[in-house]
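Asker: Since the structure of chain H is provided, determine the placement of chain L with the ligands on it from the hints.
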Amino acid sequence: MDSNSLFNTQRSDRWWFEPLWTGVGFLCFVIYTTWAMLQGDYYWWSAGVEGFGGYLSPFYSPLIFINPIVNGAAPIDHSWFGSWPEWWPNLIPASPAILILAGPLSFRMTCYYYRKFYYRSYFMSPPGCSVKGIRNKKYKGETALLIFQNLHRFTLYIAIGIIFILSYDAILSFFQGGEFGVGLGSIILTINPILLIGYTFGCHVFRHLSGGHKDCFTCPNGKPTFRYQVWKGVSWLNGRHMMWAWISMIWVAFTDIYVRMVASGYWIDMNTWNN
Amino acid sequence: MGLRKFKLFRGDSREGTMKDFKVEVDQGMVVLDVIHRIQSEQVGDLAVRWNCKAGKCGSCSVEINGKPKLACMTRMNEYSLEETISVRPIKTFPLIKDLVADVSWNYKQNKNIAPFTPDPDKKDNNGNYIMMQEDVDRVQEFRKCIECYLCQNVCHVLRDHDKKNEFVGPRFMIRLASLEMHPLDKADRIENIKNDYGSGMCNITRCCTDVCPEHIQITDNGIIPLKERVVDRYYDPIIWLWNKLFGKPK
Ligand code: SF4
Ligand code: SF4
Ligand code: FES
Ligand code: FES
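Protein chains in written order, with the working numbering: chain H, 374 to 648; chain L, 125 to 374.
Same shape as in the complex, but just chain H (with noise of 0.2 Å):
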């Protein structure tokens, strides 16, 4: 009645389309997010004003270590531990994404989320529902080789962390040399940040620790708590989880993107500031 070879299935609907958009969409930010992050460069711009101020691309922030003598690099006073340093091999390019991309990755790729679409468009395991995935005998689903998947909630901690800092960088870009204006890149690195909180603070993770663990939201007099009512904020963040992964997503790229053109010179920034 059937046979065993992947992708059998009986469906006659475009059961391929989700899996195919998904794959390939999160490959082109994969392979944009690579290059970018290999680039080292062109990630700051303020308009060569010095001081208080600038628009920092989020795949660079934070900023451990500054390499200033490359085109586009934040002036010295913005890493956290000054310049670039000597012992770094030779191999790897000395860019500050380098350094931190690690963080964000990691929770978007042990996200619930994301590891069902990649499951389903890299693993095929199943590419669709009632579509036939790679057999295996040996499937052990997340409780052998994907076990990692459990520390999600740390990858969390790590992202909530990053909200302060690309916060902190939405607030600086507000500013050019110590003076308050507001560019077109400021806006676009202020949604940046409101967009990873809906895309954070609906993660399931998120809504398990503010409220889900618990057995009884109305302990212990009857009325609704305070968890209570962060739950069901959380929970409606929840219900749209995938659309924010998406949208925060091809934000932090197109802000990245942004700040790469305009510090390269390619594109000019509006600003008050009038440069």
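Treat the hints as calculated values from the structure; they're not laboratory data.
Be a bit skeptical, because a hint or two may be false.
Claimed, not checked - Straight-line alpha carbon distances no greater than 30 Å define the calculated DSS-like cross-link-like pairs of lysine-lysine that follow:
(1) Lys318(L) to Lys513(H)
(2) Lys247(L) to Lys505(H)
(3) Lys180(L) to Lys232(L)
(4) Lys177(L) to Lys232(L)
(5) Lys215(L) to Lys513(H)
(6) Lys246(L) to Lys191(L)
(7) Lys368(L) to Lys505(H)
(8) Lys605(H) to Lys318(L)
(9) Lys511(H) to Lys215(L)
(10) Lys318(L) to Lys505(H)
(11) Lys146(L) to Lys129(L)
Answerer: Showing chain L with the ligands alone in chain H's frame:
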């Protein structure tokens, strides 16, 4: 609506094929109506299981054009006039005859689950068990289950990998969720959820949620919260350390 083309599976566990039928379909019919018409007019011995014809008994689960669905809730106007509609029995469970599969494996899983165990300490002063609406709401979602086993059928852990010994399946994960999240229940099933019921076998790819005719958020509200409770108990070193230093919370 005129003459429509159907293909129905005919056979038993030893052999069987898809058989073609042409049948007159009227306005407003559902797939189950058409199957019944074929049964009464063309093949009297066609086996099909049904009961309520209202999407409430969970008997009529089949695969229509490859999608797990309730035959009584699938309207004919979902399909274009030229489309041939193929109906097969659910694949994950042993076939009895034609469109009817033997789902008794599921009843056995159910029996293995520690039932609701009310905590006598939680009685109020009048000796009653009281529950507030907010707490009712969360577990009530899971009580909507009609045990159609479409989620069990579509779950690739059971369907493709045949891990029936290692995973109870989504339907019973939500039963476990409804018990574990119940404010009046005092049994602890977390260890079994990890070791016996196989929460780790689910890779949250959500097909169960996609097919559930009651629109229960099986993965988001049931399985993922249970997985997180398992993490609390077994995989979180900070909670582990905290419990070692300050003792387990009651
Ligand atoms: S989410 Fe889990 S239980 Fe549901 S179908 Fe997928 S693997 Fe099975
Ligand atoms: S959870 Fe939904 S799909 Fe699964 S048996 Fe219950 S009603 Fe059917
Ligand atoms: S579940 Fe998606 S971020 Fe945690
Ligand atoms: S006949 Fe009862 S659910 Fe279809």
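Asker: Does each hint fit the structure? Answer for all of them.
Answerer: Tested hints:
1. Lys318(L) to Lys513(H): 13 Å, holds
2. Lys247(L) to Lys505(H): 50 Å, violated
3. Lys180(L) to Lys232(L): OK: Lys180(L) and Lys232(L) at ~22 Å, within 30 Å.
4. Lys177(L) to Lys232(L): Holds, at about 26 Å.
5. Lys215(L) to Lys513(H): Roughly 21 Å separates the two Cα atoms, so the pair holds.
6. Lys246(L) to Lys191(L): Judged against 30 Å, a Cα distance of about 45 Å means the pair is violated.
7. Lys368(L) to Lys505(H): Answer violated: Lys368(L) to Lys505(H) is near 46 Å, above 30 Å.
8. Lys605(H) to Lys318(L): 27 Å, holds
9. Lys511(H) to Lys215(L): 20 Å, holds
10. Lys318(L) to Lys505(H): 26 Å, holds
11. Lys146(L) to Lys129(L): 5 Å, holds
In this structure, the earlier hints numbered 2, 6 and 7 are contradicted, and the remaining ones agree with it.
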